[in-house]
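A.B. asks: Below, each chain spelled out in residue letters.
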Amino acid sequence: MIEGETIREEEQLIASILGGNSQEFHALIRPYERTVYVMALTLVKNEADAEDIAQEAFLKAFRNLKNFRAESKFSTWLISITLNEARSRLRRKSAVPMESLDEPADEQGHVSPAVLVDWREIPSEAVERLEVRQLLQQAVEDIPLIYRETFVLRDIEELSVNETAAALGISVASVKVRLHRARMMLQKRLAPQLKQMSPKRRWLPWL
Amino acid sequence: MVIDCKHVWDYISGYLDDTLSAEVKELVQEHLEHCEICSAILDSTRNILILTADERTFELPLGFSERLHARLSEEIEGIEPAPSKSD
Numbered sequence: 143m144i145e146g147e148t149i150r151e152e153e154q155l156i157a158s159i160l161g162g163n164s165q166e167f168h169a170l171i172r173p174y175e176r177t178v179y180v181m182a183l184t185l186v187k188n189e190a191d192a193e194d195i196a197q198e199a200f201l202k203a204f205r206n207l208k209n210f211r212a213e214s215k216f217s218t219w220l221i222s223i224t225l226n227e228a229r230s231r232l233r234r235k236s237a238v239p240m241e242s243l244d245e246p247a248d249e250q251g252h253v254s255p256a257v258l259v260d261w262r263e264i265p266s267e268a269v270e271r272l273e274v275r276q277l278l279q280q281a282v283e284d285i286p287l288i289y290r291e292t293f294v295l296r297d298i299e300e301l302s303v304n305e306t307a308a309a310l311g312i313s314v315a316s317v318k319v320r321l322h323r324a325r326m327m328l329q330k331r332l333a334p335q336l337k338q339m340s341p342k343r344r345w346l347p348w349l
Numbered sequence: 008m009v010i011d012c013k014h015v016w017d018y019i020s021g022y023l024d025d026t027l028s029a030e031v032k033e034l035v036q037e038h039l040e041h042c043e044i045c046s047a048i049l050d051s052t053r054n055i056l057i058l059t060a061d062e063r064t065f066e067l068p069l070g071f072s073e074r075l076h077a078r079l080s081e082e083i084e085g086i087e088p089a090p091s092k093s094d
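Residue numbers (my numbering), protein chains in the order written: chain A, 143 to 349; chain B, 8 to 94.
By construction, these hints were calculated from the structure, which means they are not laboratory data. This one's a predicted model, so the numbers in the text were calculated from it and none came from an experiment. Any given hint could be a false lead.
Stated by the list, open to error - Here are the simulated EDC-like pairs of lysine to aspartate or glutamate, each with C-alpha atoms no more than 16 Å apart in a straight line:
no. : chain 1 : residue 1 : chain 2 : residue 2
1   : A       : 330       : A       : 284
2   : A       : 330       : B       : 17
3   : A       : 337       : A       : 283
4   : A       : 187       : B       : 50
5   : A       : 318       : B       : 24
6   : A       : 318       : B       : 25
7   : A       : 202       : B       : 81
8   : A       : 202       : B       : 82
9   : A       : 337       : A       : 260
10  : A       : 318       : B       : 66
11  : A       : 337       : B       : 50
12  : A       : 318       : A       : 305
13  : A       : 215       : A       : 147
14  : A       : 330       : B       : 81
15  : A       : 215       : A       : 300
16  : B       : 32        : B       : 66
17  : A       : 235       : A       : 300
18  : A       : 215       : A       : 273
19  : A       : 235       : A       : 305
20  : A       : 330       : A       : 300
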């Protein structure tokens with residue numbers, strides 16, 4: 143089991159760092175640089191802020207490493223720290239209208255997907271096109287924060303439903319509802335846009 | 008029992024994560040087999056999730072890693088295992 147091995151290696155690294163080999167912290171966090179940055183970026187939607195938050199999150203993780211409890215995964219712990227950093231940054235930015243963390247009024251409502259037929263698979267290589275990346279980034283950033291947090295943890299950071307619930311301090315049932323809404327919002331917006339792009343402009347050179 | 012499109016839409020996310028009960032899953036599957044619209048919604052949702060999760064979709068800024076590790080080095084060399092509590 144690769145994951146089990148990674149966790150054991152991380153535990154050894156953490157023990158070593160706490161034992162005085164602080165330099166090894168560099169190696170410990172290297173696999174998570176992207177994870178932490180993307181998490182911050184999708185929450186605060188600003189590259190400079192996201193980089194600041196990422197640095198702060200890693201520094202906090204270093205300073206508080208002795209408080210890390212091995213019952214959770216290091217990555218999950220790190221993501222929780224990042225989430226808290228991003229949330230407090232959003233709170234502090236009073237000049238910018240703050241997105242509400244409360245349930246939107248239509249919490250009971252449904253999000254209807256975009257109805258279409260003949261979906262043609264968009265291959266992953268398409269994200270090498272800047273215009274496709276921008277469509278995707280913008281669509282994710284435009285999801286209301288309450289749903290975006292869940293979506294990012296679950297579908298971008300690939301935490302389990304239980305880990306997502308724990309990191310956000312909400313129930314598993316809420317994670318599922320919010321995730322479903324976020325995914326439907328993305329489908330509703332992106333499916334027509336992506337579909338429209340594909341046949342006319344020949345941006346899929348392999349077709 | 009037969010379920011309509013709107014009900015199937017409520018189960019798209021659970022279907023993708025394979026968290027539906029066996030009974031519901033079967034109903035959804037039966038519906039998908041002869042509903043082009045719901046099949047396209049399922050396929051497009053799955054496709055979009057793959058694209059948004061792609062590592063290339065959200066990129067690290069140039070020099071991010073260098074700046075981060077330089078900052079960490081300052082911290083690590085500045086205060087060796089700090090006994091005081093810091094936050």
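A.B. asks: What's the verdict on residue 215 of chain A and residue 147 of chain A, does the C-alpha distance respect the 16 Å limit or exceed it?
C.D. replies: Distance ~12 Å between residue 215 of chain A and residue 147 of chain A Cα, so the pair holds.
A.B. asks: Holds or violated: residue 318 of chain A and residue 305 of chain A, Cα atoms, limit 16 Å.
C.D. replies: Cα-Cα ~12 Å, so holds.
A.B. asks: Residue 235 of chain A and residue 305 of chain A: Cα distance at most 16 Å?
C.D. replies: Distance of about 28 Å is beyond 16 Å: violated.
A.B. asks: Given the hint that residue 235 of chain A pairs with residue 300 of chain A, does the C-alpha gap stay at or below 16 Å?
C.D. replies: Roughly 28 Å between the alpha carbons, so the hint for residue 235 of chain A and residue 300 of chain A is violated.
A.B. asks: Does residue 215 of chain A pair with residue 273 of chain A here, judged by a C-alpha cut-off of 16 Å?
C.D. replies: Violated. Residue 215 of chain A to residue 273 of chain A sits at ~36 Å, over the 16 Å cutoff.
A.B. asks: With the threshold set at 16 Å, check whether the alpha-carbon distance from residue 318 of chain A to residue 66 of chain B stays at or below it.
C.D. replies: Violated, because 27 Å separates the two Cα atoms, which is more than 16 Å.
A.B. asks: Is residue 330 of chain A within 16 Å of residue 17 of chain B, Cα to Cα?
C.D. replies: Distance ~14 Å between residue 330 of chain A and residue 17 of chain B Cα, so the pair holds.
A.B. asks: Would you check the hint for residue 337 of chain A and residue 50 of chain B, treating anything up to 16 Å between C-alpha atoms as holding?
C.D. replies: holds (12 Å)
A.B. asks: For the pair supplied as a hint, residue 215 of chain A and residue 300 of chain A, is the alpha-carbon distance within the 16 Å limit?
C.D. replies: Roughly 13 Å between the alpha carbons, so the hint for residue 215 of chain A and residue 300 of chain A holds.
A.B. asks: For a C-alpha distance cap of 16 Å, please report whether residue 330 of chain A and residue 300 of chain A respect it.
C.D. replies: Given pair residue 330 of chain A, residue 300 of chain A is violated - Cα atoms ~22 Å apart, limit 16 Å.
A.B. asks: Hey, residue 330 of chain A versus residue 81 of chain B, does the alpha-carbon distance stay inside 16 Å?
C.D. replies: violated (46 Å)
A.B. asks: Does the structure keep residue 337 of chain A and residue 283 of chain A at a Cα separation of 16 Å or less?
C.D. replies: Roughly 20 Å between the alpha carbons, so the hint for residue 337 of chain A and residue 283 of chain A is violated.
Of the numbered hints stated above, those contradicted by the structure are hints 3, 4, 10, 14, 16, 17, 18, 19, 20, listed in ascending order.
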